[in-house]
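The chain contents come next:
Number of protein chains: 2
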Amino acid sequence: MANHNQLLIPKKVEICEVAPRDGFQAETEWIPTETKLNIIRKLASTGVKSMEITSFVHPKAIPQLKDAEEVVRRSQDLTDIKLRALVPNVKGAERAIDAGIKKLKLMLSATDSHSLSNANSTSEEAQNKLEPIIEVATKRGVKVGGSISVAFGCPYEGEVPVSRLASILNRYIKMGIDEVSLADTTGMANPVQVHSILGQLKEQFSMMTFSMHLHNTRGMALANAVAALQQGVIHFDSSIAGLGGCPYAPGASGNIASEDLVHSFHEMGIETGIDLGQMIEVAKGVKQIIGHDGGSYMLQAGPCSELHVKPASQEKLG
Amino acid sequence: MANHNQLLIPKKVEICEVAPRDGFQAETEWIPTETKLNIIRKLASTGVKSMEITSFVHPKAIPQLKDAEEVVRRSQDLTDIKLRALVPNVKGAERAIDAGIKKLKLMLSATDSHSLSNANSTSEEAQNKLEPIIEVATKRGVKVGGSISVAFGCPYEGEVPVSRLASILNRYIKMGIDEVSLADTTGMANPVQVHSILGQLKEQFSMMTFSMHLHNTRGMALANAVAALQQGVIHFDSSIAGLGGCPYAPGASGNIASEDLVHSFHEMGIETGIDLGQMIEVAKGVKQIIGHDGGSYMLQAGPCSELHVKPASQEKLG
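So the sequence lines, in the order shown, correspond to chains A and B. According to the numbering used here, the stretch in the first sequence is residues 62 to 379, in order. According to the numbering used here, the stretch in the second sequence is residues 62 to 379, in order.
Hints should not be assumed to be uniformly reliable.
A short, non-exhaustive set of chain A residues, derived as facing chain B with CB atoms under 7 Å [what the hints assert, rightly or not]: (1) Asn189; (2) His353; (3) Tyr358.
Partial selection, computed: residues in chain B whose CB lies under 8 Å from chain A [as the list claims (entries may be wrong)]: (4) Gln86; (5) Thr89; (6) Ser174; (7) Val253; (8) Thr278; (9) Arg279; (10) Ala288; (11) Pro372.
Because the hints were derived from the structure by calculation, they are not lab data. Yeah, the Cβ is synthetic: ideal placement off N, Cα and C, and Gly gets one too.
Put together the whole structure using the sequences plus the hints.
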């Protein structure tokens, strides 16, 4: 009964800040490159170890990220942090590597409907397009991580069978990929499901490093993160100020806010290496610059550690 | 390893709707008695098994609930649902029982600072005032449940030692109380703590029925609920549309929204006996009547089960 009263979870995690990619791409109003770089530098100063700083999609698809090369080129002095960029195809990969990025992240949807909507290919077709990207990266000495969007539920198709995830992971393994981000793209995952799926996948793919990319669309992101922790997952994506809305539910919450995830992890006794106070300050600044947040509890209520002054006296009532 | 992939949680829970007390009391604008009763009836129609419908505090302390007698009196035909009222003292208990309530809930803070602020007594003094309330209730055949506010953290004092909770629970047991609501009044609990504290308390007080009253001030309420489920807790409070703000953080989220909790539980395969669709409709109506919500994911994004129409065709981009 020694562990009966203790949640068995890791003591240390690594968080990847994704706002410069997943957050900014959801903003319709142009964010100047200088501002983007300024935010990236402020984020780097919080102690976060890893950041997804842009995406090399076609500028017509996401005009907001048309400055991807410049963002990567001018971030090259940030040597204390692992920078990565999302790439949808070989051309994007070449642009990213030319600009100086050392790590690429691949895009892939678990379902055909989402893949068609997002990448204009079925999931199978999209898988076939990954190999040449990896070849280019390998040739040029750049690391590649995989991802699976809508891994825990698709807004068009609903439930995603775990066999579908296993099939994609097998394909990733054949291509030499050893880390994959599992994305709950539209916030459909629940803790029981996350715990069960991760348990199965970690048994079947014991050499794979999984990371969790959780959206808080239905308020379950933190509970899902805890379920993932209970399966030994230590890599999590999050987005400053919760930036990155849900295209299917305008106004709904986006990515779990970095400051909320870090606060919760610290409260739970988990090390992140991040300075929470500084991160909350950055979140405030980002909210001011962008004009809104994407759902952030810290920006509303502040951390638990901020105690209130004890009441001096009370009026008798009741 | 049979359970390695399965979160060990109960298959069925009982939710107590607390908006008519904890939600309404936070509203400064008068809600007419007729409207309150209308909402209570709509809530009862969702299938919720238990409801805290008002509080018999002094009308000067909470003018919003000055119609407590009338609310109780005119709810007496709702015989399919367990109704309870909060009472702060003997006079409140007598008023409540005279009006026809069959169950009382006691108020008690874990810390002196919160108790002084809330009840103008130290926690010890407040405990001494409970016995006469229970005597009155017992004499008149009315059941009494206990509660502990700020059980997982106090906005004035910070950490609350588990020994403090144990001491209060021992006092409750001496008074014949066998069910206690543990309240995270200002959203300071985290899942590791909830799991650990409940584990200890359930070992020490095996005959006590615990229920969880979780505020979502810092976004941890659902994760805390899951941690409580993992310790076998099956009683939860929640508030329609998340009503019931945090007096220490204006604008911050209040109680976990009933529709969010029910949605999450259903997604996790847990039975609540509640019709989620109907509950979301009630939440919409309540938001319209009250003029705002207190943080509700369902009102922003809708349930996971509401799928989107598959995209018919896509334009080539990228």
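How the hints compare with the structure:
A least Cβ separation of about 16 Å between asparagine 189/A and chain B goes past the 7 Å threshold, and the interface hint is therefore violated. Interface restraint check: histidine 353/A against chain B, minimum CB-CB distance 14 Å, threshold 7 Å, status violated. Against a cut-off of 7 Å between C-beta atoms, the interface hint on tyrosine 358/A holds, since the closest Cβ of chain B lies about 4 Å away. Taking 8 Å as the C-beta contact cut-off toward chain A, the hint placing glutamine 86/B at the interface is violated, the least distance being around 12 Å.
With a cut of 8 Å, the hint placing threonine 89/B at the interface with chain A is violated, because the nearest CB-to-CB distance is about 16 Å. Proximity of serine 174/B to chain A holds as hinted, the smallest CB-CB distance being about 5 Å (cut-off 8 Å). Contact between valine 253/B and chain A, as hinted, is supported at the beta carbon level, the nearest pair being about 4 Å apart and thus within 8 Å. Restraint check, threonine 278/B versus chain A: the minimum CB separation of about 5 Å is within 8 Å; hint holds.
Proximity of arginine 279/B to chain A holds as hinted, the smallest CB-CB distance being about 5 Å (cut-off 8 Å). Taking 8 Å as the C-beta contact cut-off toward chain A, the hint placing alanine 288/B at the interface holds, the least distance being around 7 Å. Hint status for proline 372/B relative to chain A: holds, with the closest Cβ pair at about 4 Å, below 8 Å.
Going through the hint list in order, the structure does not satisfy hints 1, 2, 4, 5.
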